[in-house]
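**Q** Please model the entire structure based on the sequences and the hints provided.
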Amino acid sequence: MRSHVPSYEIETPKDLGAALDRMANEPGAWKPFAGGTDLMVLLEAGKLVERRFLNIWKLPELKGIEITSSHVILGALTTYTEVRSSEVLAREFPLLCRAASETGSVATQNRGTLGGNIANASPAADSPPALLAYDAEVEIVSSRGNRWKAYSGFHVGYKAMDLVADELINRIRLLRSKRDWKQHYRKVGTRRAQAVSKVCFAGAARMQQGRIADVRIALGSIAPIVLRATETEKMLTGEKPSPAVRQAAQEMLAREITPIDDIRSTARYRQRVAQNLLVEFLEMLAT
Amino acid sequence: METRVIGKSVPRKEGREKVTGRARYVDDLAFPGMLHGVTVRGPTARGRIRGIFFEGDIPWKEITIVTAKDIPGNNCILLLIEDQPCLADGLVNHKEEPVVLLAHQDAYLLGEARRAVRIEIEPLPAIFTIEDSLARKEIIWGEDNTFKSVRVEKGDVESAWSVADCIVEGEYETGAQEQLYIEPQGMIARASPADGVTVWGSLQCPHYVHKALVSLFGLPKDRIRVVQTETGGGFGGKEEYPSMIAAHAALLAWKSGRPVKIIYDRAEDMAATTKRHPSKTRHRTAVSSDGKLLAMDIDFTIDGGAYETLSPVVLSRGTIHAAGPYDCPNVRIRGRAVATNAPPHGAFRGFGAPQSVFALERHLDRVAAAVGLAPDELRRRNFIREGQTLAVNQVVHERVEMGRLMDQAFEASDYHVKRKQYSTENPGAAIKKGIGFACFLHGAGFTGSGEEYLASEVAAEATVEGRVRIRAGSTEMGQGTNTIFSQIAAETLGLDYEKIDIAQPDTANVPNSGPTVASRTSMIVGKLVESAAREIQTKLFQSGLLEQGYDAATFAKACGEYIGRFGALESLIKYQHPAELHWNDERYEGDAYGAYAWAVYVAEVSVDTRTAEMRVENFTAVQEVGRVIHPVLAAGQIEGGIAQGIGLALYENIVWHEGRMVNAQMTNYIMPTSMDVPRIRVFFDEIAQGRGPAGAKGIGELPLDGTAPAIANAVAHATGADIRRIPLTPELLMETLEKAHA
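Line by line, the protein sequences are chains A and B.
The first sequence lines up with residues 78 to 364 when you count with my numbering.
The second sequence lines up with residues 2 to 743 when you count with my numbering.
Check before you lean on any hint, since a few could be wrong.
To be verified - Below are the BS3-like pairs computed for lysine-lysine, each with C-alpha atoms no more than 30 Å apart in a straight line:
1. A:259 x B:62
2. A:226 x A:140
3. A:124 x B:434
Claimed, not checked - Partner residues aside, some chain A positions facing chain B, computed with beta carbon under 7 Å:
4. 79
5. 85
6. 171
7. 268
8. 269
9. 340
10. 343
11. 348
12. 353
13. 357
14. 361
Unchecked claim - Only some residues are given here: those of chain B computed to face chain A with a beta carbon under 10 Å:
15. 65
16. 664
17. 672
For the record, the hints were derived by calculation from the structure and aren't laboratory data.
Every residue gets a Cβ at the ideal spot worked out from N, C-alpha and C, and that includes glycine.
**A** Right, dumping it as structure tokens:
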């Protein structure tokens with residue numbers, strides 16, 4: 078059932094300062110509206126709870142990809158299409174490009190933003206596992222100032238995150254240190270395109286003489302939040318990805334994730350597939 | 002037969018309007034003073050209505066409110082019987098049952114108003130499965146929850162069990178499926194005691210809507226008018242449900258005195274309108290050691306939902322197709338359509354046959370394995386031939402070349418090489434491949450005496466400019482009715498395709514050529530179009546105004562002179578049932594259909610064992626559908642049907658919660674996109690032996706029958722999984738494989 082459109086309000090601030098002032102003066106009253114690819118779905122279904130929106134889509138301060146010698150810094154409004162067409166990202170952060178290319182439709186990729194994907198806090202989002210694998214940091218901005226924080230740990234529970242009412246996600250920063258890591262991304266969706274993920278896996282590892290010297294493993298759709306499997310990572314560090322280690326890692330991962338039954342899949346399937354994708358990643362590391 | 006227009010891929014008659022956006026669909030229309038209408042539905046699967054409350058901060062005085070007590074005639078959506086109310090009165094029997102209608106000029110306010118209606122219901126126990134319905138856990142319909150039972154008997158199955166070398170049993174299931182036409186359902190109505198009732202809308206069968214409205218308003222037939230607007234797909238979904246929406250719009254218009262438009266959004270359309278009947282089939286098959294079928298005992302049950310709608314006829318087609326294109330001396334088929342507290346299931350392309358054909362073609366692969374034969378060899382030893390009898394004791398009087406169709410399909414798909422190659426390469430591979438097939442038939446036209454009862458009519462009329470206009474109730478919904486009717490008339494009259502016009506289906510202006518369903522439009526109605534055109538020509542010949550060997554100019558001149566001298570130049574043709582076709586409805590035997598389409602489909606799949614994701618890699622479809630009238634449209638019908646069949650086989654899973662579809666969104670009800678549909682190769686083995694124009698038969702439903710079992714058989718070949726149910730989601734396949742290994 079469609080929403081009652083006249084009861085919604087949307088305001089376009091002239092710049093970031095004006096947006097932050099609005100949010101500081103009436104904390105919680107205004108919901109940021111970036112690409113709108115999540116909010117419009119709720120509107121169409123008659124399930125959009127918030128009534129007042131700040132249209133931040135055109136704020137230039139939140140746009141653009143900046144490349145420094147040490148980092149790639151992505152404005153929160155960087156779209157999936159922009160991610161897909163960045164050469165540096167394609168070379169050094171392929172997991173993120175894969176995630177962007179497998180998100181929604183082309184139309185969604187033109188409007189959907191990385192900042193929005195983080196702030197929407199869906200456990201089924203496609204880019205957060207890649208961001209976790211790359212040790213991303215997010216910059217939070219408010220009229221009180223700026224702060225950088227590690228993306229790992231940003232989501233604290235289902236749809237809950239370390240972001241207060243007057244804050245916006247400003248930028249996302251990736252350290253250019255994983256170029257030589259072996260990387261693996263796989264989204265298992267309900268069909269080959271335009272699908273929400275049932276399990277999403279991103280893995281990256283630095284190999285040294287056949288051993289895993291350092292590793293990141295992140296998954297989506299298997300817990301209330303997009304999760305970094307830190308216990309499994311710890312267990313694998315220093316090991317050779319042998320069949321016995323793969324088996325043990327699988328068992329560890331099974332304990333770390335808490336998938337559920339929903340309209341898209343079953344807990345049983347998600348548990349099994351998450352483990353199989355981990356094995357697929359570890360087998361790749363062994364080759 | 003040499004043809005000039007038939008067999009040519011002429012431009013689609015209304016194609017230009019559609020691609021330039023000029024075609025007008027129901028939601029493109031607006032009338033002065035028009036109101037929007039919405040439906041409020043009962044929130045409980047089964048119960049007694051205790052009260053209806055209009056709450057919230059809503060200007061209720063401005064809103065037109067209709068409940069059951071406002072209905073001038075019978076409170077029912079008349080189809081076969083009178084069991085389904087137009088608006089619930091006292092009882093509700095499913096969660097999408099309409100209870101209250103609201104109309105207002107502000108569509109947004111109306112949405113708020115709909116949310117503010119509270120219907121208080123005292124719940125009654127409900128049932129949601131075929132098992133519970135058969136067990137009569139609750140009686141929710143009639144005396145025993147059964148809409149219809151049928152029984153087909155050929156020979157004596159009981160005589161075969163003791164002499165069989167092998168008996169194979171199995172149970173198979175298919176799920177509900179949503180039609181997903183691009184254009185959601187919608188209607189506009191004008192209605193008043195002075196002017197009667199007129200509705201415009203997206204629909205397949207104008208005369209079904211007409212019949213329902215006559216009963217609902219208790220008005221004479223000529224006071225009700227139904228007009229089809231451009232229709233964006235139907236697939237059976239607009240066969241019966243449009244009567245409901247038309248009734249609702251008309252009641253609101255009647256009460257408000259203003260035109261009323263009701264357009265369903267996708268969520269409401271998916272949840273509330275009809276879907277394919279879920280089914281369960283049990284097979285018990287006796288076979289000799291050399292692979293000859295000795296007896297087939299089949300039990301076929303479909304879930305009809307809360308009201309009868311078309312379930313008896315869906316059951317009929319499903320039952321008759323359940324034994325397939327095989328010669329077997331002893332066959333017993335017991336069919337039942339039962340009630341549950343889900344929204345009524347209804348017509349969907351294939352109409353019961355995809356369900357029973359899935360069961361049979363999966364089962365025969367298992368029978369073949371049990372007797373140690375290749376699956377194709379088992380079929381070859383049992384294919385029916387001309388002169389043999391089908392399960393319903395119908396002697397086949399057509400050339401049947403199932404073996405040849407299989408040869409063609411296997412050659413085009415390289416079946417034997419791949420079957421062997423995959424069996425060798427699969428062990429140990431992470432991605433396994435499989436190839437499988439299905440053999441099937443599909444009857445054209447209404448079942449049994451259906452066409453005789455329908456007694457369809459088609460009219461033609463010529464103008465002074467020498468144009469000929471066909472008038473029929475048959476609808477264009479994307480499948481090509483306008484185009485093939487024009488081809489048929491042009492061929493008959495020796496005129497150019499462009500000289501033929503097709504009247505907009507409007508019950509005030511076209512005769513009843515029957516519903517646009519059942520793969521009947523080409524063969525049955527097409528033949529009437531041919532006869533109606535022929536009669537125009539005959540009248541001109543007999544009047545002496547025209548002679549054989551005429552051209553367009555002399556034809557036009559003759560039409561002008563005829564009309565000048567005698568008045569209108571028209572014809573009206575009524576269906577004549579072929580004298581040699583006999584059907585006994587009591588014994589359920591005889592000539593079930595006037596002609597059958599025959600087909601062999603081959604599917605190739607890959608299965609990723611890590612995720613159990615399946616992908617159809619290649620698809621080959623070989624069929625004999627009589628003469629092909631329009632090759633591009635015909636291939637389009639097959640390709641589209643296969644895409645829909647891929648959805649039925651692998652993706653389209655309706656998630657039910659207490660009789661309500663909870664994934665009524667295109668994000669979560671997964672239909673295949675172009676990324677999930679492989680290259681499809683379509684071949685027609687043309688034998689011009691159908692009863693339609695130039696030897697055409699029916700084609701529309703055929704591809705839905707064989708696609709799913711071909712895919713399931715291919716997945717079984719790839720993985721060894723004993724597949725019994727569709728949709729075969731990765732979740733289900735993984736579970737099946739884990740169970741087998743446990």
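**Q** With reference to the structure, classify each hint as holding or not holding.
**A** Checked hints:
Between residue 259 of chain A and residue 62 of chain B, the direct Cα distance comes to roughly 68 Å. Violation of the 30 Å bound is thereby established for this hinted pair. Distance restraint check for residue 226 of chain A and residue 140 of chain A: the Cα-Cα separation of roughly 19 Å lies within the 30 Å cut-off, and the hinted pair is therefore satisfied. At roughly 43 Å between alpha-carbon atoms, residue 124 of chain A and residue 434 of chain B are farther apart than 30 Å, so this suggested pair is violated. Below 7 Å, beta-carbon pairs count as interface contacts, and residue 79 of chain A has one with chain B at about 6 Å; its hint therefore holds.
Hint status for residue 85 of chain A: violated, given a least beta-carbon distance of 10 Å to chain B, over 7 Å. Taking 7 Å as the C-beta contact cut-off toward chain B, the hint placing residue 171 of chain A at the interface is violated, the least distance being around 20 Å. Because the beta carbon of residue 268 of chain A sits about 5 Å from the nearest beta carbon in chain B, less than 7 Å, this interface hint is met. For residue 269 of chain A, the suggested interface contact is upheld, since its CB lies about 4 Å from the closest CB of chain B, less than 7 Å.
Checking residue 340 of chain A against chain B: minimum C-beta separation of about 5 Å stays under 7 Å; hint holds. For the restraint placing residue 343 of chain A at the interface with chain B, the shortest Cβ-Cβ distance is roughly 5 Å, inside the 7 Å limit, so the hint holds. Taken as an interface hint, residue 348 of chain A does not check out: its beta carbon lies about 11 Å from the nearest beta carbon of chain B, beyond 7 Å. The beta carbon of residue 353 of chain A is positioned within 7 Å of a beta carbon in chain B (closest approach about 4 Å), and the interface hint is therefore held.
Contact between residue 357 of chain A and chain B, as hinted, is supported at the beta carbon level, the nearest pair being about 6 Å apart and thus within 7 Å. Residue-level restraint check for residue 361 of chain A is violated (minimum Cβ-Cβ distance to chain B is 12 Å; threshold 7 Å). At about 19 Å, the closest approach between the beta carbon of residue 65 of chain B and any beta carbon in chain A exceeds 10 Å, and the interface hint on this residue is violated. Interface restraint check for residue 664 of chain B: the shortest CB-CB distance to chain A comes to about 5 Å, inside 10 Å, so the restraint holds.
Because the smallest distance between the Cβ of residue 672 of chain B and any Cβ of chain A comes to about 8 Å, under 10 Å, the interface hint for this residue holds.
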